[in-house]
Amino acid sequence: MANPTIVASRLTKQYGEVTVVNALDLRLQAGEVFGLLGPNGAGKTTTILMLLGLIEPTSGSIEVLGFDPARNPLEVKSRVGYLPDAVGFYDSMTGRENLKFTARLNQLSKTDADQRIVELLEEVGLTEAADRPTGTYSRGMLQRLGIADALIKRPEILILDEPTTSIDPEGVAEMLALIRNLAEDRQVTVLLSSHLLHQVQAVCDRVAIFVRGTVVAQGAPHELAAKNKGPEQVEVHTTADPAKVRTALAGKTFVQSVQPARVPNVYTIQVTRGSTNQLIASLVQAGLELSGVRRASDDLDEVYRGYFHREGASVG
Amino acid sequence: MIAPPGDRYRLGHGWKVVARKEFADHLLSARFYVLILILGVAAAGAVFAASGGIRSVAPSAVGVPALFLKLFTVTAEPVPFPLVVFIGFLAPLLGIMFGFDAISGERSQGTLPRLLAQPIHRDEVILGKFVAGLAVVGLMLLALVIFVSGIGIFRLGLIPTPTEVGRLAVWLVVAVIYVGFWQALATLASVTVPRAATSALIAIGVWLVLSLFGGFIFRAAANLVAPADDQGALLQAEVTLSRISPLTLFSESSTLLLDPTERTVDLVTFDQINRAIVSDLTLAQSLLVVWPQIVGMIAMTAALFAIAYVLFMRQEVRA
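In order, the protein sequences belong to chains A and B. If you read the first sequence in this note's numbering, its first letter stands for residue 1, the second for the next number, and so on. If you read the second sequence in this note's numbering, its first letter stands for residue 317, the second for the next number, and so on.
Read the hints as simulated data drawn from the structure, not as lab findings. The structure presented is a predicted model; accordingly, all values stated were derived computationally and were not measured. Ideal Cβ placement from N, Cα and C applies to all residues, glycine included. Watch out, some of these pointers could steer you wrong.
Unchecked claim - Now the stretches of chain A that chain B is said to cover, found in silico as 3 or more residues with beta-carbon under 8 Å:
1. 104–110
2. 257–264
To be verified - Chain A is nowhere near these chain B residues, computed Cβ spacing over 10 Å in every case:
3. Leu351
4. Ala358
5. Ile467
6. Val541
7. Ser567
8. Ile623
9. Val633
Model the full structure from these sequences, guided by the hints.
Dropping the structure here:
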């Protein structure tokens with residue numbers, strides 16, 4: 001990586017005895033979308049606040065666009081757009097007024113700000129609601145206004161804390177498309193955190209899976225998936241008798257478990273990795289009529305779940 | 317990549333942006349109109365009573381110094397207090413109203429992380445809010461003084477002399493400092509207590525205790541420190557102790573600043589009065605007498621603000 005925009009090494013934050021972030025290493029470059037994935041309380045927000053210079057690390061170093069956020073917070077904050085988790089706005093001010101306030105804090109000229117606000121409101125689909133007080137906005141609208149707010153300063157880095165929570169599925173798709181565009185067209189570095197892996201993995205170039213302050217896996221989603229040696233879950237749709245399904249699979253070593261799903265005529269079958277085709281072949285050979293076969297979860301989801309099961313057991 | 321220290325951003329700009337927004341917010345807020353209403357009614361009542369009082373003594377009052385200022389310092393039935401006392405009592409409410417949710421409000425609306433992620437220093441947030449609150453209060457008090465003066469000029473035909481205007485102006489500044497104390501107290505509460513309602517109650521509690529029980533508390537304290545058989549020492553101790561309270565400091569300052577015939581804020585014996593040569597103080601002399609009071613109020617305000625400031629700087633961004 002020639003030109004890293006965010007470099008964190010051995011980044012650690014302790015509150016008393018509790019280590020919230022433990023020796024985190026990150027290296028992001030321009031135009032990259034990086035996902036920080038982990039359950040709630042994993043230390044994602046703490047990491048983000050350290051990158052912004054709003055929390056001082058206990059040890060380790062950070063460089064954001066060449067600046068140390070703890071020592072040059074303004075240099076960092078003028079170049080980094082940030083969408084906080086559960087973003088809030090001033091209720092009595094309109095969406096446009098809220099954005100104007102942010103523009104002024106970032107010292108945009110009035111004409112520049114006005115024009116940029118119009119563009120951004122259009123981009124996030126809030127043009128019609130722009131002159132209503134934000135107290136009347138839905139959670140999803142606030143989230144979209146938050147994106148516009150983070151983009152006003154024309155950031156080189158965009159940090160989004162849980163950007164897809166509380167948005168409807170269609171909104172999520174739009175949000176992700178917007179993020180992808182920013183990274184590809186404007187070479188913005190995007191760091192996003194989420195506990196909803198399946199929503200964000202599609203846009204991430206790389207992800208780090210973060211559990212209890214420690215990164216347990218880091219890399220491109222397909223690389224992580226390739227490392228996965230755990231079982232695969234396959235959903236099989238068939239009208240055949242349950243007994244028949246069981247006989248067909250009896251004695252097959254690659255089958256680990258067969259469970260009828262909650263929906264009638266659907267079975268969830270766990271097989272060893274890479275043996276889905278063998279499973280299908282066995283079922284067909286046994287003369288069962290299959291109306292559908294589907295992976296119950298995609299690869300990264302399983303990686304994620306695998307880590308959570310292993311680590312989560314002790315998290316409680 | 318080592319980037320050069322940037323000069324893209326003017327420093328010391330952020331607090332003005334924050335102050336400007338807060339100022340606009342205050343002027344549009346319901347609490348502003350409620351306060352205007354309270355102050356307006358109080359002022360109207362007090363000034364009509366005062367002008368009635370002035371009128372009744374006017375024929376014999378030729379040569380009374382600074383008659384115009386009596387609009388602020390005298391009263392008549394049925395209004396119990398002159399305007400100055402009224403403001404001394406209500407001003408804390410102004411300060412508290414514009415400070416009690418300064419920081420906790422940002423927290424409860426979820427705007428604090430977003431605000432602090434902008435290129436401004438954290439102290440600019442608290443400073444901007446403080447300045448905006450004081451500006452609004454200053455504006456309200458100025459309007460009040462102009463309103464009262466206007467009534468005085470039209471109803472009584474009293475024209476203020478330049479000295480009287482000067483005294484009013486200085487008094488106005490002192491009143492704003494006094495309100496600043498209460499605003500700093502409320503801001504401190506808003507930093508330390510997450511709930512705005514709790515923070516308002518704390519600040520209002522301090523205000524009520526000092527204004528209702530202050531006299532009693534200081535008398536009791538004086539009994540502890542002064543010999544019980546020496547009335548003079550006891551009284552002196554009480555006066556000295558009561559100057560811990562900004563209410564006392566403000567009332568002493570007001571008395572001196574708005575009445576040139578008042579010569580001291582301390583206890584005087586009959587001998588001292590008898591032998592004094594009657595003459596009015598100039599504004600500079602009055603100011604000199606209450607200078608310690610004014611500095612005391614500034615110091616208390618600065619101390620409270622500094623504590624609020626330090627606590628805020630050390631606080632977590634997340635609640």
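Checked hints:
1. 104–110: Since three or more residues must qualify, the claim that chain B covers the region 104–110 of chain A holds, with 4 doing so at under 8 Å.
2. 257–264: violated (count 0)
3. Leu351: holds (17 Å)
4. Ala358: holds (27 Å)
5. Ile467: Non-interface label on B:Ile467 holds, nearest chain A Cβ at 34 Å vs cutoff 10 Å.
6. Val541: Fine: 43 Å to the nearest Cβ keeps B:Val541 off the interface.
7. Ser567: holds (37 Å)
8. Ile623: Given that every Cβ of chain A is farther than 10 Å from that of B:Ile623, nearest at about 21 Å, it holds.
9. Val633: Violated, since 5 Å does not exceed 10 Å.
Hints 2 and 9 from the list above are not met by this structure, while the remaining hints are.
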